[in-house]
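The numbering used here puts the first residue of the sequence shown at 805, with every later residue one more than the last.
Just so you know, these hints were derived from the structure itself, not from any lab.
Errors might be hidden in some of the hints.
[What the hints assert, rightly or not] Now the in silico label distances, taken between C-beta atoms and shown as ranges:
#1 Leu950 <-> Thr818: 21 to 29 Å
#2 Phe806 <-> Glu873: 31 to 39 Å
#3 Ser871 <-> Lys820: 35 to 43 Å
Glycine included, C-beta positions come from ideal geometry on N, C-alpha and C.
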Amino acid sequence: DFGTLELSILRKITKKGDNDLFLVGDLAQTVLPKYLKLEDAGIEIEKTKNFKLRLNYRNTKEILKASYEIMVENIDEAFIDDSDLEILDPIYANRTGEKPYLLFAENLQGEISAAYNFAKQVANEKGQNYKICIVICGYTSYEISLYSKILNIKPLDGSTVFSQNNIFLSDLEQTKGFEFNDVIIVNCNEGILPS
């Protein structure tokens with residue numbers, strides 16, 4: 805998540821030499837893009853030392869297969885042509901788990917109600933250490949914080965204390981970097997995702 809400014813500071817405090825800096829990034833996961841140009845930060849990368857990591861160890865095979873199929877079946881070709889997006893066939897890690905559910909409701913209120921009832925049921929079965937996040941796409945963190953008061957669910961923000969709750973409410977961007985046992989995403993509709 806570094807931009808040119810942060811990288812230029814790292815360049816200045818690191819003695820130049822072979823293998824002096826090791827950089828890893830995923831441009832497909834950029835949430836709040838900063839200006840980033842390695843050359844402007846004084847960092848030169850040999851083409852032979854630049855390679856793509858394709859093995860996804862973070863998700864189960866089932867989640868990767870489902871998300872890949874949904875993306876391939878629904879992505880607009882104009883979106884691919886108009887961006888620097890590169891779609892790689894996933895290489896699955898050995899980790900397996902339950903298949904994700906894909907459900908439909910008549911409206912957003914029905915989606916949120918079903919998600920909350922499901923989360924409460926799972927939380928009661930699994931106990932306090934089992935963490936669940938309900939993500940509502942298409943809304944800001946401010947809107948989510950207001951709605952969390954109506955639902956009486958802790959919003960995911962900088963003041964979140966995980967030990968005190970097991971169900972959280974969030975916008976999509978706030979979830980980056982957090983780990984939950986279950987994530988329920990609502991409002992995944994055309995015109996909302998991708999934005």
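So, going through the hints one by one against the coordinates:
A hinted range of 21 to 29 Å is violated for the C-beta pair Leu950 and Thr818, which are about 44 Å apart. Taken as a hint, the range 31 to 39 Å holds for the pair Phe806 and Glu873, whose Cβ atoms sit roughly 33 Å apart. Checked against the hint of 35 to 43 Å, the pair Ser871 and Lys820 passes, with Cβ atoms roughly 41 Å apart.
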